[in-house]
Amino acid sequence: MTVTSPSSSFTHFDGTGQAHMVDVSAKLETHRVARASGVIRMLPSTLALIESGNAKKGDVIGVARIAAIQ
1 MTVTSPSSSF THFDGTGQAH MVDVSAKLET HRVARASGVI RMLPSTLALI ESGNAKKGDV
61 IGVARIAAIQ
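Just so you know, the working numbering puts 52 at position 52 of the sequence shown, and the rest follows in order with no gaps.
A hint or two may mislead.
Derived Cβ-Cβ restraints for the label pairs, each shown as a range [unchecked claim]: (1) Ala68 x Thr11: 16 to 26 Å; (2) Leu49 x Ser25: 27 to 37 Å; (3) Ser52 x His12: 18 to 28 Å; (4) Glu51 x His31: 31 to 41 Å; (5) Glu51 x Ser25: 28 to 38 Å; (6) Ala26 x Leu47: 36 to 46 Å; (7) Ile61 x Thr11: 18 to 28 Å; (8) Gly17 x Gln70: 13 to 23 Å; (9) Glu51 x Lys27: 30 to 40 Å; (10) Ala26 x Ser52: 14 to 24 Å; (11) Met21 x Gly53: 16 to 26 Å.
Calculated directly from the structure, the hints in this document are not laboratory data.
Note that beta-carbon positions come from the ideal geometry of N, C-alpha and C, so glycine has one too.
Take the sequences, apply the hints, and build the full model.
So this is what it looks like as structure tokens:
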């Protein structure tokens with residue numbers, strides 16, 4: 001089994017696995033409207049893992065931040 005870093009699979013991660021914005025200025029403009037709400041429930045140990053920055057899939061807070069912006 002070959003393990004790849006997040007940056008080799010996803011354009012929204014840098015070489016260290018941190019999430020970052022990607023230039024999408026070449027894409028055609030579209031009008032979109034969205035409304036969302038939600039509740040997140042998790043074990044205290046899950047929250048501690050996210051806050052530590054050592055989650056298996058990378059920067060959870062950074063990905064959430066980008067998702068909120070987009």
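**OP:** Determine which of the earlier numbered hints do not hold for this structure and return their numbers in increasing order.
**Re:** 10
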